[in-house]
Amino acid sequence: MLYRETGDFKSSYATDQQTFPIRSERYLFWGAMVIAFLVVPFFINDYWEKSVLVPLLVWSMAALGLNILTGYCGQVSLGTGGFMAVGAYACYKLMTAFPDLNIFFVVILSGGVTAFVGMLFGLPSLRIKGFYLAVATLAAQFFLVWLFNKVPWFYNYSASGQITAPERTIFGIAVTGASAPPWATYLFCLTLVFLFAWMARNLTRGTLGRSWMAIRDMDIAAEIIGVQPLKAKISAFAVSSFYIGVAGALYFSVWLGAVEPTEAFGINVSFLVLFMVIIGGLGSILGSFLGAAFLTLMPVLLKNVMVGGLGWPTDLAAHFEIMLVGGLIVFFLIVEPHGLAQLWRLVKEKLRLWPFPY
Amino acid sequence: MKLTKLAIVTAMAATVGTTSALADLVFPSLSYRTGPYAAGGIPFADGYADYFTLLNERDGGINGVQARVLECETAYNTQKGVECYESTKGEGSLVYQPLSTGITYQLIPKATADGIPVHSMGYGRTSAANGKVFSHVFNYPGTYWDAASIIVNHILEENGGDINGKKIALVYHNSAYGKEPIRTLEELSKKHGYELSLVPVDHPGQEQKSQWLQIRRDRPDYVLMWGWGVMNQVAVKEAANIRFPMENFIGVWWSGSENDVVPAGEGANGYKAVTFHGVGSDFPIFEDIQKHVVDKGKAAGAGDQIGTVLYNRGLYAAMLAAEAARAAQEIHNTKEITPAQMRDGMEALKIDSARLEELGLGGFGPEINVSCENHGGPGLGAIAQWNATDGTWSLINEFGPADREIIDPLIMEDSTAFAAENNIPERCS
Numbered sequence: 001m002l003y004r005e006t007g008d009f010k011s012s013y014a015t016d017q018q019t020f021p022i023r024s025e026r027y028l029f030w031g032a033m034v035i036a037f038l039v040v041p042f043f044i045n046d047y048w049e050k051s052v053l054v055p056l057l058v059w060s061m062a063a064l065g066l067n068i069l070t071g072y073c074g075q076v077s078l079g080t081g082g083f084m085a086v087g088a089y090a091c092y093k094l095m096t097a098f099p100d101l102n103i104f105f106v107v108i109l110s111g112g113v114t115a116f117v118g119m120l121f122g123l124p125s126l127r128i129k130g131f132y133l134a135v136a137t138l139a140a141q142f143f144l145v146w147l148f149n150k151v152p153w154f155y156n157y158s159a160s161g162q163i164t165a166p167e168r169t170i171f172g173i174a175v176t177g178a179s180a181p182p183w184a185t186y187l188f189c190l191t192l193v194f195l196f197a198w199m200a201r202n203l204t205r206g207t208l209g210r211s212w213m214a215i216r217d218m219d220i221a222a223e224i225i226g227v228q229p230l231k232a233k234i235s236a237f238a239v240s241s242f243y244i245g246v247a248g249a250l251y252f253s254v255w256l257g258a259v260e261p262t263e264a265f266g267i268n269v270s271f272l273v274l275f276m277v278i279i280g281g282l283g284s285i286l287g288s289f290l291g292a293a294f295l296t297l298m299p300v301l302l303k304n305v306m307v308g309g310l311g312w313p314t315d316l317a318a319h320f321e322i323m324l325v326g327g328l329i330v331f332f333l334i335v336e337p338h339g340l341a342q343l344w345r346l347v348k349e350k351l352r353l354w355p356f357p358y
Numbered sequence: 359m360k361l362t363k364l365a366i367v368t369a370m371a372a373t374v375g376t377t378s379a380l381a382d383l384v385f386p387s388l389s390y391r392t393g394p395y396a397a398g399g400i401p402f403a404d405g406y407a408d409y410f411t412l413l414n415e416r417d418g419g420i421n422g423v424q425a426r427v428l429e430c431e432t433a434y435n436t437q438k439g440v441e442c443y444e445s446t447k448g449e450g451s452l453v454y455q456p457l458s459t460g461i462t463y464q465l466i467p468k469a470t471a472d473g474i475p476v477h478s479m480g481y482g483r484t485s486a487a488n489g490k491v492f493s494h495v496f497n498y499p500g501t502y503w504d505a506a507s508i509i510v511n512h513i514l515e516e517n518g519g520d521i522n523g524k525k526i527a528l529v530y531h532n533s534a535y536g537k538e539p540i541r542t543l544e545e546l547s548k549k550h551g552y553e554l555s556l557v558p559v560d561h562p563g564q565e566q567k568s569q570w571l572q573i574r575r576d577r578p579d580y581v582l583m584w585g586w587g588v589m590n591q592v593a594v595k596e597a598a599n600i601r602f603p604m605e606n607f608i609g610v611w612w613s614g615s616e617n618d619v620v621p622a623g624e625g626a627n628g629y630k631a632v633t634f635h636g637v638g639s640d641f642p643i644f645e646d647i648q649k650h651v652v653d654k655g656k657a658a659g660a661g662d663q664i665g666t667v668l669y670n671r672g673l674y675a676a677m678l679a680a681e682a683a684r685a686a687q688e689i690h691n692t693k694e695i696t697p698a699q700m701r702d703g704m705e706a707l708k709i710d711s712a713r714l715e716e717l718g719l720g721g722f723g724p725e726i727n728v729s730c731e732n733h734g735g736p737g738l739g740a741i742a743q744w745n746a747t748d749g750t751w752s753l754i755n756e757f758g759p760a761d762r763e764i765i766d767p768l769i770m771e772d773s774t775a776f777a778a779e780n781n782i783p784e785r786c787s
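Protein chains in written order, with our numbering: chain A, 1 to 358; chain B, 359 to 787.
Just so you know, these hints were derived from the structure itself, not from any lab.
Treat the hints with care, since some could be wrong.
What the hints assert, rightly or not - The calculated DSS-like cross-link candidates involving lysine-lysine, where the alpha carbons are at most 27 Å apart (straight line), are:
{"no.": "1", "chain 1": "B", "residue 1": "K525", "chain 2": "B", "residue 2": "K490"}
{"no.": "2", "chain 1": "B", "residue 1": "K595", "chain 2": "B", "residue 2": "K567"}
{"no.": "3", "chain 1": "B", "residue 1": "K708", "chain 2": "B", "residue 2": "K490"}
{"no.": "4", "chain 1": "A", "residue 1": "K93", "chain 2": "A", "residue 2": "K150"}
{"no.": "5", "chain 1": "B", "residue 1": "K708", "chain 2": "A", "residue 2": "K150"}
{"no.": "6", "chain 1": "A", "residue 1": "K150", "chain 2": "B", "residue 2": "K567"}
{"no.": "7", "chain 1": "A", "residue 1": "K150", "chain 2": "B", "residue 2": "K525"}
Using the sequences plus the hints, can you model the full thing?
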């Protein structure tokens, strides 16, 4: 009734194969985009920017990246924090070395640097699989963070070892630094995430994405039918690291403005992004967004309700929040092990038949 | 997801709706009562809150205006710290005291742009002591570099002024906080000829076996420590395990509370730490706190921290904030001050010993005299020593100065570099 495909005829291959084949779904998507691009920037304030929307976009980007590697290509990685650190430090070095370079290109280039580092650390994946690969990427995590803390060149020899993002502008409007207006930073992140999510969606349903999924489902069979494991795995590591690097660059330059490696890019970041991907749904673009939303918005919401709304002591609220988020993760994994994206798929199935299920 | 957003809006609307009607002085407290640093965060937050409760209960606020402490949990995490800052700044927050060097670094540019002062009391960015560059950041009454120099002065004193060839090791939290004193200690080693070795400990510092093995092998004459949270107690225990002479083990003021030494029991006897304020609860103000706060059941937290080192520090921080608010009220001749006026108050803050006496804190700390150029305060410190049998800290010398000859040029160098990087014109001329 509300959501149906009756009367939605396709007369060409292009319309039949589009991402949202059902009309109402397309309207929903474009409606959401119009709100995100044209309505939200007029209402956003500092709190919504720094605590809700920009974190959501940054984590979505990172989750997208890890989902390509883990969800689509089946290579488990615990190095996300380390790769985000590569993106952030590449961004910092490029920002300070080439002050005139536009921040947009700096962020893209940081992604490129991370893609290269990701390929290097992806090499062992040709020999080792599963849990053993997870351990190998864990080494990347610790090595990279140690490196950025140890070698002063990376933080331009500053006394504290912190890196701080200088102010950079696009079309004369600051998007990094303390005086950047909230709508500018939000739109900057949103544009990048929109572009790259679009790209990810199309990559994953093309040749490359199909070769990743073939490797994920059964690598020997994939090899026999002519998928090159070297090309598929290394490209998955490269593309995934690119996304994670861009996320790291945004995390440092736009969201936080100053970071120190051990705290901002620790192992907990790797786990957080992995949980986002698992809870959102492995092998789903929408799942990356849902997972990121669940794990970034839920704590903020709980805090606002418990401390702001109910007036609980902050320590009680903080402990309760940890328990509640943990409990919810377990609940979702039991009730829907394929993630929130699968839940959405089920809802759509039900809606198609509603109100006459059989 | 939409539902979530809707719920956030409702929750935020509820928050704003309930609080905006009151006219009061808002002092946000970015506290941490959870996580590996909670042992330090809890007593500080309790002391901070209790002092304002005392002012409200006993004097009816600051010159008749009620003070309101707005607590927000950061867990010593910079992301949560930023969230806390953004969520509280709209409520007229007068001054931020994040009790975390990492969060301070985050807030320096943000708060300066928003025109809200930050008071990083004895932590944060040391070169913020140069008020010509850092208009909204204060770190009186002392900085990390003062602490480093005061410790070295103490060592000099013990060795009759000659420490040439002595070996000093620095055990530090491997973060912006722990790295702060390195430059100063290096400069001082050039001047006094001691040999400095660096021993980093990674967050959170629960595992320090290899570091202390290295110390046992190198046999330094003195070990200095820049630690915080669980790292401190582990280090003191490890030092006791390798039988390092405790009187040669000296911590910064964040590594010198009861939490850090009690777990090591008798082994911690003689451990020293530098401090910028008095120790113990032998001051008249504690009678007032007992009468007006504890007996009325209004003590913050569990109420079991009163008189501990970090509780006193929270109390001291609150006292400095309240006095600055008073100064601001006087300068601008208004009861309800804004953050910008609070900044002026902090810059004009003067606390002499007579005023301390009036506040019931006679002899608690050195006199404070903040000026436009100097946001770092007098930079005086004393050495406190732990007595494990009585379970008390006691000061073993007078509040003494740091080596300004070394520190002032370093502050100048670092702050002018920051000013050049960010195009900040010099103030105060």
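Hint by hint, here is what the structure shows:
1. K525/B / K490/B: Distance ~37 Å between K525/B and K490/B Cα, so the pair is violated.
2. K595/B / K567/B: holds, 11 Å
3. K708/B / K490/B: holds, 19 Å
4. K93/A / K150/A: holds, 16 Å
5. K708/B / K150/A: Violated, at roughly 42 Å.
6. K150/A / K567/B: holds, 20 Å
7. K150/A / K525/B: holds, 23 Å
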